[in-house]
Structure formats: structure tokens, C-alpha cells
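All chains should be built: construct the whole structure from the sequences, respecting the hints.
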Amino acid sequence: MTTEPIMIHSIINGEKIKTEKTFPRENPTHPDQIVGYAPINTREETIQAIDAAYNSFKQWAWSDVDERIERMQRAIQKIKDSTKEIAELLSREHGKAYYDAEGEVGLSLMYMEYACNHVKEIVTPEVIENENGRTIITFDPIGVVSAITPWNYPLALSTIKIAPALLTGNTMVLKPSPFAPLAVSRVCEMIADEFPPGVLNLVHGEADVGVELTSNEKVAKIAFTGGTKTAKSIMKAASETIKKMTLELGGNDAAIVLEDFDVNDERALRRMVISNFLTAGQICMIAKRIYVHRSIYDAFVEKYIEAANKWIRVGDPFNPDVTVGPVNNKNQVKHVQNLVADAESKGAKVVKLGQILNPELMDNGYFLQPTLVLGADYHDPVVVEEQFGPTVPILPFDDEEQVIELHNESIYGLTSSVWGEEEHAIRVARRIEAGTTMINTAAVQGLDIRFPFGGVKQSGVGREYGKEGLKSYTETHVINMPKNKELPYIPE
Numbered sequence: 490m491t492t493e494p495i496m497i498h499s500i501i502n503g504e505k506i507k508t509e510k511t512f513p514r515e516n517p518t519h520p521d522q523i524v525g526y527a528p529i530n531t532r533e534e535t536i537q538a539i540d541a542a543y544n545s546f547k548q549w550a551w552s553d554v555d556e557r558i559e560r561m562q563r564a565i566q567k568i569k570d571s572t573k574e575i576a577e578l579l580s581r582e583h584g585k586a587y588y589d590a591e592g593e594v595g596l597s598l599m600y601m602e603y604a605c606n607h608v609k610e611i612v613t614p615e616v617i618e619n620e621n622g623r624t625i626i627t628f629d630p631i632g633v634v635s636a637i638t639p640w641n642y643p644l645a646l647s648t649i650k651i652a653p654a655l656l657t658g659n660t661m662v663l664k665p666s667p668f669a670p671l672a673v674s675r676v677c678e679m680i681a682d683e684f685p686p687g688v689l690n691l692v693h694g695e696a697d698v699g700v701e702l703t704s705n706e707k708v709a710k711i712a713f714t715g716g717t718k719t720a721k722s723i724m725k726a727a728s729e730t731i732k733k734m735t736l737e738l739g740g741n742d743a744a745i746v747l748e749d750f751d752v753n754d755e756r757a758l759r760r761m762v763i764s765n766f767l768t769a770g771q772i773c774m775i776a777k778r779i780y781v782h783r784s785i786y787d788a789f790v791e792k793y794i795e796a797a798n799k800w801i802r803v804g805d806p807f808n809p810d811v812t813v814g815p816v817n818n819k820n821q822v823k824h825v826q827n828l829v830a831d832a833e834s835k836g837a838k839v840v841k842l843g844q845i846l847n848p849e850l851m852d853n854g855y856f857l858q859p860t861l862v863l864g865a866d867y868h869d870p871v872v873v874e875e876q877f878g879p880t881v882p883i884l885p886f887d888d889e890e891q892v893i894e895l896h897n898e899s900i901y902g903l904t905s906s907v908w909g910e911e912e913h914a915i916r917v918a919r920r921i922e923a924g925t926t927m928i929n930t931a932a933v934q935g936l937d938i939r940f941p942f943g944g945v946k947q948s949g950v951g952r953e954y955g956k957e958g959l960k961s962y963t964e965t966h967v968i969n970m971p972k973n974k975e976l977p978y979i980p981e
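So in my numbering, the last one in the sequence shown is 981, and the numbering has no gaps at all.
If you're looking for bench data, these hints aren't it; they were derived computationally from the structure.
Some clues are possibly wrong.
[Claimed, not checked] Under the rule of at most 30 Å between Cα atoms (straight-line distance), these lysine-lysine pairs were calculated in the DSBU-like manner:
1. Lys792 with Lys841
2. Lys733 with Lys960
3. Lys956 with Lys725
4. Lys567 with Lys956
5. Lys609 with Lys569
6. Lys946 with Lys507
7. Lys819 with Lys799
8. Lys823 with Lys835
9. Lys510 with Lys721
10. Lys960 with Lys725
11. Lys956 with Lys733
12. Lys721 with Lys707
13. Lys823 with Lys718
14. Lys725 with Lys792
15. Lys819 with Lys841
16. Lys547 with Lys725
17. Lys946 with Lys721
18. Lys799 with Lys838
19. Lys547 with Lys507
20. Lys725 with Lys946
21. Lys960 with Lys609
22. Lys946 with Lys823
23. Lys718 with Lys707
24. Lys567 with Lys609
25. Lys573 with Lys547
26. Lys956 with Lys547
27. Lys841 with Lys799
28. Lys838 with Lys819
29. Lys721 with Lys960
30. Lys510 with Lys819
31. Lys718 with Lys733
32. Lys718 with Lys547
33. Lys718 with Lys835
34. Lys707 with Lys946
35. Lys609 with Lys507
36. Lys510 with Lys823
37. Lys956 with Lys721
38. Lys972 with Lys707
39. Lys960 with Lys567
Now the structure itself:
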């Protein structure tokens with residue numbers, strides 16, 4: 490594994506573009522080490538990328554779907570062949586444990602292959618003939634797509650936009666997060682090389698780049714994953730030209746543990762712990778607050794701590810025994826520390842979890858030992874805000890009406906989970922306001938790429954994954970040929 494800093498480039502109309510300015514991406518495990526440098530594109534260069542996508546769309550929109558699939562499959566094979574290199578780079582720039590980074594590459598490939606396997610049925614026109622005439626319904630590409638993606642799952646959250654967009658005949662300009670720009674740029678380069686110039690373009694940069702991507706009149710759709718606050722700005726920018734949008738936003742996902750949950754089920758408790766602390770808690774769909782029926786609260790907390798201390802092992806992401814690496818960036822460290830300190834100052838008990846396998850790294854890297862918060866108020870910031878880091882509060886509830894109200898009063902509604910006897914859990918789940926509710930599992934462990942994923946309320950607009958995720962990159966066009974071309978009665 491090389492540790493020399495790498496240089497990545499933007500891609501505009503099939504060409505790698507060197508820029509005057511670049512920015513460094515440090516290693517969260519060793520912040521004094523630079524993993525690589527990414528370009529800072531100008532607004533003018535962003536316009537060039539959009540123009541390239543716009544001009545390329547005129548031909549790409551009418552390309553044969555078999556050609557699109559063949560090109561995407563070649564890209565998939567290149568990514569598969571480079572899995573180790575990509576995962577190592579992702580782990581170094583992001584901080585997630587190597588097994589986690591490798592898993593993200595696998596998840597990305599899984600949906601890319603799913604999209605290849607199902608795009609034909611999505612874009613095949615429907616023909617309806619009956620006594621009223623003939624109607625053809627086509628599912629056409631939309632146009633230029635601006636994709637803006639976050640740092641927590643940069644590969645997966647980029648490829649679930651790239652694959653359906655390109656396979657359905659759209660073109661794209663993608664902007665990754667500056668907190669994890671390197672591995673995703675390598676993947677974008679592999680994909681772009683298999684497609685005509687301008688079909689997939691890549692830019693990096695600051696706020697002016699984002700503004701252009703969300704307001705330019707040639708952009709037809711925005712695909713964004715990130716914070717709710719940023720999404721509000723995007724919606725305002727897009728409103729001038731009424732762009733299509735898919736927005737997967739923040740969440741404060743709850744796990745509800747019913748009185749009939751078996752606190753001695755070690756595997757279920759392990760799933761719960763993983764759903765809280767995988768990727769150091771930096772996943773939009775992770776369980777960020779746990780409500781436990783008061784009758785089993787004490788026993789649950791005891792068994793939860795036991796499970797957490799077995800699974801959580803903090804340290805160097807490349808240590809094969811490590812399950813939790815550092816937090817991605819210094820700002821996120823401070824955010825989590827402030828939430829925990831606020832709860833503790835109000836009387837909550839903070840319990841440190843797991844083992845520190847590489848203590849020599851803790852003071853220099855962006856490390857936080859995972860923590861459990863007990864005794865917080867239902868409306869403390871650590872409960873109602875998205876922590877996006879390795880801490881989770883556990884709170885008791887007395888009855889189902891109370892816990893459903895506590896869950897649904899949140900402005901968010903991305904995912905949720907209910908734990909207990911299955912039919913009982915399903916009845917509770919039916920009353921939960923969320924895009925996805927999982928039973929006796931949570932977070933990535935319960936994700937199924939065959940089904941649509943997205944949020945309600947301020948957790949998003951539209952859906953990704955599944956066939957619905959593919960269809961969201963198409964426009965429905967009805968071509969109607971009625972036999973009777975007159976109104977029922979028209980005066981002479």
C-alpha cells in the first residue's frame with residue numbers, strides 16, 4: 490500500500506483538467522499525513538462541465554440501452570479489479586475501518602449491477618391498445634443531472650446516482666465532498682473512461698461550484714445526499730428553473746425496543762450495537778436514539794453494554810481487529826463532544842464503550858471512544874439532533890402511544906427500527922413516520938437495494954435504490970392516438 494500523496498483531477502468532456510489551486514485531504518488517523526490533493530475548480534470550469542454534459546446529452550439520450558449496459562459493465566469490472574486499491578485509499582482518506590471501506594466498494598458494485606440488470610424493463614415503452622385507440626408510454630431521459638455527494642459513504646452515494654442516470658440516458662456532472670474526494674474520483678475516472686466524452690463529468694470546489702450546479706438553467710435534475718440545511722438552499726436555487734430533485738437528507742433514526750424483546754439474544758444486541766457505531770456512527774440511516782420499554786430497561790442496558798464491549802474495538806483502520814476507526818474530520822469530533830458534554834452537564838451519565846486497541850493514536854488522530862448516554866431528557870440536543878458520530882442515548886418509555894409520539898415528533902423520518910416479537914413489532918412499525926422501518930435489525934444490516942430508499946418530512950424528497958431509483962431518472966411521455974378524435978359533442 491502506497492502512502493505517497495496522490496493527485497486527482499477533475500474531468501470535463503473526457504479530459505483530465507489541471508487547476509491552479511488544489512486542496513489537501515489529510516488522514517484522520519494521522520492528520521499530519523496528506524493522503525492526496527484534489528483540484529479547486531472555478532465557476533467557469535463548472536459551467537464548461539455542464540455545457541459538456543448538455544451537448545453530450547443530445548446524442549447520448551438516443552443511444553441504445555444495450556450499449557449503455559455494456560459500457561457500465563466494463564466499468565464495473567474495472568472497479569472490481571481495483572477493489573483493494575480503492576478500499577485502501579477510501580480507508581486512508583475517510584478513517585473508516587478497512588473492512589468497512591471494502592464493504593462500501595461491494596455495496597456500490599451491487600447496485601451498479603442491479604441497475605444494469607433492470608434498466609431495460611424500466612425504459613422499455615408500454616403500448617396499450619383497446620377499443621379506444623392506441624397509447625404509447627415512453628420513459629425518456631431527463632437531461633443533465635447535477636450530483637452532489639457527501640463524505641460518509643462517498644462511493645456508494647455517488648454510484649447510486651451515476652449508474653441509474655447514465656443507464657437511462659442522462660448525462661451528469663458530479664461534485665464529491667472535500668472531506669473524502671479521492672477514492673470516489675478514482676471510481677468516477679474508471680466509469681467516465683468507458684463512456685463518450687461529456688457523459689460523466691467530475692468537478693471539485695467551493696460554494697460557487699455548488700451554486701452553479703444547482704442553479705444553471707441547463708441542469709434538469711439535482712441528485713443530492715447531505716444535510717437538510719444545505720438541501721433548503723439547493724431547493725431555493727433550483728426553484729427558478731423548476732428542476733427535478735432527489736434529496737436524501739439528514740435523519741435522527743430511532744430504535745424502539747418493545748417489552749417482548751429478548752434481552753438475552755446476543756446476536757440481536759450485536760446488530761443493535763453495529764447499527765449505532767458502524768463507520769463511527771457516521772451514517773445517515775444509523776440508529777441514533779434508542780427507546781426501551783421501562784419493564785426491560787435495566788436488563789437491556791446491562792446486556793447492551795456487554796455486547797458493545799465485545800464488538801467495539803477502536804484503533805487503526807488497517808488493524809484487522811479494529812471495528813471502529815476515527816471520525817472523519819475535526820469539526821465532526823467537536824460536534825459530538827459538545828452534544829455529549831451538554832448531556833453530561835445536565836446530569837446524564839456517560840458510559841465509555843469498547844476497547845482501545847491502538848492507544849498511541851488516540852491523542853493525535855480524530856478519535857472518539859464510543860459512548861452511551863443514560864438519563865438524558867427526551868428533548869436534550871443529544872437526543873433530538875443528529876449526532877453523526879459514535880454516541881447514542883438510551884431512554885425508557887412506558888407505553889406504545891408515548892414512544893410513537895416521541896418518534897414521530899421529530900422533523901426527520903429517514904429510517905427506524907422496531908425490536909421485539911415480529912407481529913407486534915410490525916403493528917408498531919405501521920404507525921411510524923419514516924421512509925423505511927426495519928424489524929429486529931437496523932441501518933445498513935437491514936438495507937435491501939432491491940427496494941426504494943428515502944425519507945419523509947425533512948429527511949428527503951424522492952427515492953433511490955430499487956426500480957424506483959432507476960425510474961426517478963426518467964420522464965414519462967405519453968403518445969396518444971385515440972380512434973375518436975372528436976369531443977363527445979361539438980356544436981356545428
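Handout entry: Pair hint Lys819 and Lys799, alpha-carbon separation not exceeding 30 Å
Key = Measuring from Cα to Cα gives roughly 27 Å; hence the hint holds.
Practice task
Decide if the proposed pair is consistent with the structure: Lys721 and Lys707, CA atoms, cutoff 30 Å inclusive.
Solution key: holds, 20 Å
Practice task
Please work out if Lys609 and Lys569 have their alpha carbons no farther apart than 30 Å.
Solution key: The hint holds at about 23 Å.
Problem - 30 Å limit on alpha-carbon distance, applied to hinted pair Lys972 and Lys707 - result: With a Cα-Cα distance of about 38 Å, the restraint between Lys972 and Lys707 is violated, given a limit of 30 Å.
Handout entry: Satisfaction of hint between Lys841 and Lys819, Cα-Cα up to 30 Å
Key = The hint holds at about 20 Å.
Handout entry: Proposed proximity, Lys507 with Lys946 (alpha carbon, max 30 Å)
Key = violated, 41 Å
Problem - Agreement of Lys510 and Lys721 with the hint, judged by alpha carbon distance not exceeding 30 Å - result: With Cα atoms ~29 Å apart, Lys510 and Lys721 stay inside 30 Å; holds.
Practice task
Could you grab the alpha-carbon distance between Lys733 and Lys960 and see if it respects the 30 Å cut-off?
Solution key: Distance of about 13 Å is within 30 Å: holds.
Handout entry: Holds or violated: Lys567 to Lys609, with C-alpha atoms at most 30 Å apart
Key = Given pair Lys567, Lys609 holds - Cα atoms ~23 Å apart, limit 30 Å.
Practice task
Take the C-alpha atoms of Lys838 and Lys819, compute the straight-line distance between them, and say whether it is at most 30 Å.
Solution key: The given pair, whose Cα atoms are some 24 Å apart, holds under the 30 Å limit.
Handout entry: Pairwise hint evaluation, Lys960 against Lys721, where the allowed Cα distance is 30 Å at most
Key = Roughly 24 Å separates the two Cα atoms, so the pair holds.
Practice task
Decide if the proposed pair is consistent with the structure: Lys718 and Lys707, CA atoms, cutoff 30 Å inclusive.
Solution key: holds, 24 Å
Hint check: violations occur at hints 6, 14, 25, 32, 35, 38; the rest are consistent with the structure.
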